[in-house]
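Number of protein chains: 2
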Amino acid sequence: MNDNPVMTINNYQASLAEGRAAPLDWWHSCAAQIERCEPEVKAWEALALEAPELDAELADKPLFGVPVGIKDIIETVDFPTGWGTDGYLQTSSSLVDASLVTLLRNQGALVMGKTVSTELAYFTPGKTCNPLDTSRTPGGSSSGSAAAVAAGMVPLAFGTQTAGSIIRPASYCGVFGFKPTFDTLSVAGVKSFASSLDTLGWFAGNIEDICTTFSALTRAPHIMAQDDLAGVRVGVHSLPGSLPLEDDVVQALAKAQMQLKKAGAELVPLPLDERYEALIDHQKVVMAYEASQALASEYSRLSDHMSHKLVELIEEGKEVSYLQYRDAMHAAASLRQALTAVFDAQVDVILAASATGEAPEGLESTGDSIYCRAWTLLGVPCLNLPLSAGKAGMPVGVQLIADRWQDQRLLEIASTLMAKERGVV
Amino acid sequence: MNDNPVMTINNYQASLAEGRAAPLDWWHSCAAQIERCEPEVKAWEALALEAPELDAELADKPLFGVPVGIKDIIETVDFPTGWGTDGYLQTSSSLVDASLVTLLRNQGALVMGKTVSTELAYFTPGKTCNPLDTSRTPGGSSSGSAAAVAAGMVPLAFGTQTAGSIIRPASYCGVFGFKPTFDTLSVAGVKSFASSLDTLGWFAGNIEDICTTFSALTRAPHIMAQDDLAGVRVGVHSLPGSLPLEDDVVQALAKAQMQLKKAGAELVPLPLDERYEALIDHQKVVMAYEASQALASEYSRLSDHMSHKLVELIEEGKEVSYLQYRDAMHAAASLRQALTAVFDAQVDVILAASATGEAPEGLESTGDSIYCRAWTLLGVPCLNLPLSAGKAGMPVGVQLIADRWQDQRLLEIASTLMAKERGVV
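The listed protein sequences correspond, in order, to chains A and B. According to this note's numbering, the stretch in the first sequence is residues -1 to 423, in order. According to this note's numbering, the stretch in the second sequence is residues -1 to 423, in order.
Among these hints, one or two may not hold up.
Repeated chains share a single entry, so a pair holds when one copy, or any two copies, can fit it.
Using 20 Å as the maximum straight-line C-alpha spacing, the simulated SDA-like pairs for lysine to any residue come out as follows [what the hints assert, rightly or not]:
1) Lys59 / Leu22
2) Lys316 / Leu300
3) Lys316 / Asn104
4) Lys40 / Arg334
5) Lys316 / Glu55
6) Lys259 / Ser240
7) Lys316 / Ser213
8) Lys316 / Ala218
9) Lys316 / Thr216
10) Lys40 / Asp131
11) Lys316 / Gln105
12) Lys316 / Arg217
13) Lys59 / Met222
14) Lys59 / Val318
15) Lys316 / His220
16) Lys59 / Glu317
17) Lys59 / Glu313
No lab work stands behind these hints: they were computed from the structure.
Please take these sequences and the hints and turn them into a complete structure.
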């Protein structure tokens, strides 16, 4: 796993400040790594082949000189955007960058290129392989971003989650993946799929970079690991027997519980089953209905080019009635309140499965997002921790989840856990 | 006012079905009216000058042959999109239509052209005049859409509301304006300004067309006026003395109360003052913060071309901290719950001011959105009813507001009220 980082963003900034590194060093080493790995991993749709010009005025910014990957459903002025469509929908260059891209550039980050997305960020895979075993999927829809970070091609890459498109690939590729509270980052310039679900997030090889990026993009205070997790209550919810769950995941959850306990946290059993299963269904209704609207024009003009899976979802969404959609949205709002009451009274964070098991073999599917759907609909912040490996030696992650807008607390708890694991604290 | 329609969408469909009208009749009569009024009103950025080709397969759709106007921050494949920027940002033609435009075309509507928006849908006015008095503002940001409907140039036009951009111009121009529950229509292809506030809605000259359009776009059941408003409880909330309110509005609210009572409704006093004022401030924080993110790229590249007002808002938003934003979003979520409790226990709809008075003189300002901000942040459906006139003879509207997802009930109550007013029921 990548929980023992060679280099963090903060270390790099310190090296620059002390003159031990040059501002394009990281860019050059990433470019070299891309040259080595990309032919096999295929994480990129478009790449900057020449070193970028640096803006010296940004030298004191927290992401100065940090190469980043941007999922190919996010618009950029200097790269084409293919929306994961293999060219049937393609924007050669956008008038303006997506909001996120501007925020990143303003913080000194260097856009290395556009990473592979599944088709319009739904389930039909792109060309990317899992860098830990190229016969396996990296997960999706943010396939290229997860794989690029896992292969060390960039320290930081951005994706979106509408069902399980950040947490699942992070789990499969053994990296940290963070989906902040819904509405934390503007989705201006991001292809809309389901507007009440689409959430921008990012991948990194270590928790510190996840936290640095959060503070850089939101200007929230710097997040520090605490001495231990004393006083932290972690909700452990048993999963409904009806849902698929491999032994590898049961063991990863057990291991995480042990690690949390060892770090001082208190484990609190949380019976969430029935409501949890209802949320999964509501998420499907909301996603299908909203996607059928958001992609109405693409469907009208280009459905002949679309994959069968995507056409099926849009047509399913066209059959969802306004009343069904309204009821699912209403139920989601009620359950958000109910969950807030659980967080207020009982727990600080919840521990949950990130995926159903190790990355599946083959590239024809990006795996199952079932353990992410409910949390995405609730809009809560979710963080994949790459803490375990499964029978085949592939990573198996777990998620920590907090209430909406408790992102800082969640990241602080995760930082403390990782510091204890590394023996730093 | 336009509460005595000559022609409704349903009447037109009946005429077509009975062979008393041809499918392009309405288009031609609108084109003729545009030719007469447009030189003075200036409601359009782009117009279709030739009659469109009709798709006979859509002949049984509810909006077949209905000419519509589309606000110029909404993308279309067959018109340029200027985003209200007077050309400093311009998309010559989009790859795909905005979701809304596809939904409209699929229901048989004919896009007549793009209507004038304020700059990026904020406060800096475009060229449009109020058709009832061209020395006055039509309101904004959906200036052209409100004016085009008021001048009879199209029966139906679409806009967006982030603060008060539908309800206020509807009030100033004396037309019906409807902002449905947040998330009812996908904003894919609409310029993002503040993603947790931006809401698509529409203007029409009569309540029936507002309802027909709602059912056509959502596939919700047809909305029927009831015999009377017996059993309907209307919340009447006194306005804080600190907020501006002209006698014209006090009188319009008193008249609406009388009309509602005459139709059988029960009036229920609702003391909302303090929370209402807090919401106005939260809306400003959320809008500024989100706009500074959503328009980050435009600001970086084009701030020299931007109006002073827009630059000011973006720079204000850059000073809003993540914690302030988080707290405003959190407060809004709590107040949504509190309002739902009020609706559940006490009232079916709330009656409120649409604007501070008649349309102000001059075109340099689009007026004050203060009476819309709180409701927009709450995401509730709002409907402007053009029921009164002020001292200068200009329209003064009032809003009816329901809880989220109670759009059908709201429209049913308004339909009943208007039918009673016309003596139809």
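Broken hints, numbered, in rising order? Hint check: 4 and 6 fail, others pass.
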